[in-house]
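A.B. asks: In terms of the numbering used here, the sequence shown has 235 at position 193, counting the first letter as 1, and numbering is strictly consecutive.
One or more of the hints may lead you astray.
Label pairs and their computed distance ranges (CB to CB) [claimed, not checked]:
#1 167 x 261: 36 to 46 Å
#2 219 x 179: 39 to 49 Å
#3 255 x 198: 23 to 33 Å
#4 102 x 215: 39 to 49 Å
#5 79 x 167: 34 to 44 Å
#6 255 x 91: 18 to 28 Å
#7 261 x 170: 46 to 56 Å
Simulated from the structure, these hints should not be mistaken for lab results.
C-beta: ideal position from N, C-alpha, C; glycine also.
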Amino acid sequence: MSREQTPTPHIAAEYDDIARTVLVCGDPLRAKFIAEKYLDNARCYSEIRGMLGFTGIYKGKRVSVQGHGMGIPSIGIYSYELFNCYDVEKIIRVGTCGAYTTDVQLGDVLFAMGACTDSNFADKYKFPGTYAPIADFGLLRGAVEAAERLDIPYRVGNILSSDSFYDDPRQIEWARAGVMGVEMEASGLYLNAAMSGRKALTILSVTDHLATGERMSVEGRQTGLDQMIRIALEIV
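Starting from the given sequences, assemble the full structure and let the hints guide the process.
C.D. replies: And the structure:
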């Protein structure tokens, strides 16, 4: 039973400390920010390795928010434990990304319907081909409806989850196939969700543009993150 496997090595929470829906983000301080600004009665359930986790209430619903660090190996650990040890049903990643295509602008909110990758994370399963990680359709549809209800512009499409952060000129070739932008975690999250029989979605705010060299201002980042977080919380 999952209850008997908690606390886990990376999340110092008892089984009932974590809600069935969890927002995750790379930066643990963003998790703290979300908990303090958006949740009522938020309580910190974990501080292991500085990767903060909180549970609180949003519009009458219990929801948790958890930091996961950078890269597929890191989100792979946290999402696996959340799905398989805490019986979390839905994980919604709220993160930032760099844009590839010129029709995507700074501040846009992107819904990652699919996640290409240059990672070998899926190799351990020895699939007889290449696995295509995708979002849960119900969460994706809910996010689209929430964005339209809140009058927040959005884009839906494919993104890249890369193992490389700095200076890989080959990455821009993904734009030729219509890949909207790049981040570092969604593909691993989607694979863990699929293998656990659970649901996942990645929502991204565009803070940098690889084609134009533009970067969002501090004020712009704050506004963009707020829009992304509000959408995510509407579908918990």
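A.B. asks: Compare the structure with each hint and give your call.
C.D. replies: Hints versus structure:
A hinted range of 36 to 46 Å holds for the C-beta pair residue 167 and residue 261, which are about 43 Å apart. Between residue 219 and residue 179 the C-beta distance comes to about 22 Å, which lies outside the given range of 39 to 49 Å. Between residue 255 and residue 198 the beta carbons are some 25 Å apart, a value that agrees with the proposed interval 23 to 33 Å. For the pair residue 102 and residue 215, the supplied restraint of 39 to 49 Å holds, since their beta-carbon distance comes to about 46 Å.
At roughly 38 Å, the beta-carbon separation of residue 79 and residue 167 lies within the given 34 to 44 Å, and the hint holds. Taken as a hint, the range 18 to 28 Å is violated for the pair residue 255 and residue 91, whose Cβ atoms sit roughly 34 Å apart. Separated by about 50 Å at the C-beta atoms, residue 261 and residue 170 satisfy the suggested range of 46 to 56 Å.
Checked against the numbered hints listed earlier, the structure breaks hints 2 and 6; every other hint is satisfied.
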